[in-house]
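Chemist: Sequence:
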Amino acid sequence: MRKAEIERKTKETDIKLTLNLDSTEVQINTGIGFFDHMLTAFAFHGGFSLLLDVKGDLEVDAHHTVEDVGICLGQAFKQALSDKKGIERFGEAFIPMDDALARCVLDISRPYLNYDVIYSQEKCGDFEICLVEEFFRALCMNAEITMHLAILYGSNAHHEAEALFKSSARALKQAIKITSNKMNSSKGVL
7 MRKAEIERKT KETDIKLTLN LDSTEVQINT GIGFFDHMLT AFAFHGGFSL
57 LLDVKGDLEV DAHHTVEDVG ICLGQAFKQA LSDKKGIERF GEAFIPMDDA
107 LARCVLDISR PYLNYDVIYS QEKCGDFEIC LVEEFFRALC MNAEITMHLA
157 ILYGSNAHHE AEALFKSSAR ALKQAIKITS NKMNSSKGVL
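For the sequence shown, position 108 (counting from the first letter as 1) is numbered 114 according to the working numbering, and the numbering increases by one without interruption.
It should be emphasised that the hints constitute simulated quantities derived from the structure, not laboratory data.
A portion of the hints provided could be inaccurate.
Using 20 Å as the maximum straight-line C-alpha spacing, the simulated PhoX-like pairs for lysine-lysine come out as follows [said to hold, decoys possible]: (1) Lys91 - Lys179; (2) Lys90 - Lys17; (3) Lys15 - Lys61; (4) Lys17 - Lys61; (5) Lys84 - Lys179; (6) Lys90 - Lys183; (7) Lys9 - Lys183; (8) Lys9 - Lys91; (9) Lys91 - Lys183; (10) Lys9 - Lys179; (11) Lys183 - Lys84.
Model the full assembly from the supplied sequences, consistent with the hints where possible.
Modeler: Given below as structure tokens:
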């Protein structure tokens, strides 16, 4: 099974995460309502199961929680994909959210993030929207994913962020799909 369980405890966060690439159960509690909403959309549109319980130092701010969730989720993807044999490898998606249009193009191979995003507002409620980049950077570096994210246009930061989460989820759904029993690389390894 393409499944991973990650537990990470630091002075700033205590995270328990289960990822199953071939199931669809979603239960998320980070203590940050907006982030829970984004992660729920991410798992649902990615077609994978994500069970996540986080206790973070939210009295400081949301930064450690958001970044550490990205680290753990990236580690879980890397573990669940194992040697990556047979996966499609590449994925792309454009997602509209009312006024916003986001694009994600990715390759499950090496860690890299290109983040071409300027948000319309600095916050969604109490959530500092700059933390979305921290999440995706941690995810990509730990999962070894090359990801190019862009907001092509928009006028509402909530819609812009949600379009990013959904486009990356749809692109990942394509890329993790098993399409053969061979390595999808001319080098023979990813």
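Chemist: Against this structure, judge whether each hint is valid.
Modeler: Cross-check of the supplied hints:
1. Lys91 - Lys179: Answer holds: Lys91 to Lys179 is near 15 Å, not above 20 Å.
2. Lys90 - Lys17: 33 Å, violated
3. Lys15 - Lys61: Distance ~9 Å between Lys15 and Lys61 Cα, so the pair holds.
4. Lys17 - Lys61: Distance of about 11 Å is within 20 Å: holds.
5. Lys84 - Lys179: This hinted pair holds, its Cα atoms lying about 14 Å apart.
6. Lys90 - Lys183: OK: Lys90 and Lys183 at ~10 Å, within 20 Å.
7. Lys9 - Lys183: 14 Å, holds
8. Lys9 - Lys91: OK: Lys9 and Lys91 at ~15 Å, within 20 Å.
9. Lys91 - Lys183: Cα-Cα ~11 Å, so holds.
10. Lys9 - Lys179: At roughly 15 Å apart (the allowed maximum being 20 Å), Lys179 and Lys9 satisfy the hint.
11. Lys183 - Lys84: Holds, because 14 Å separates the two Cα atoms, which is no more than 20 Å.
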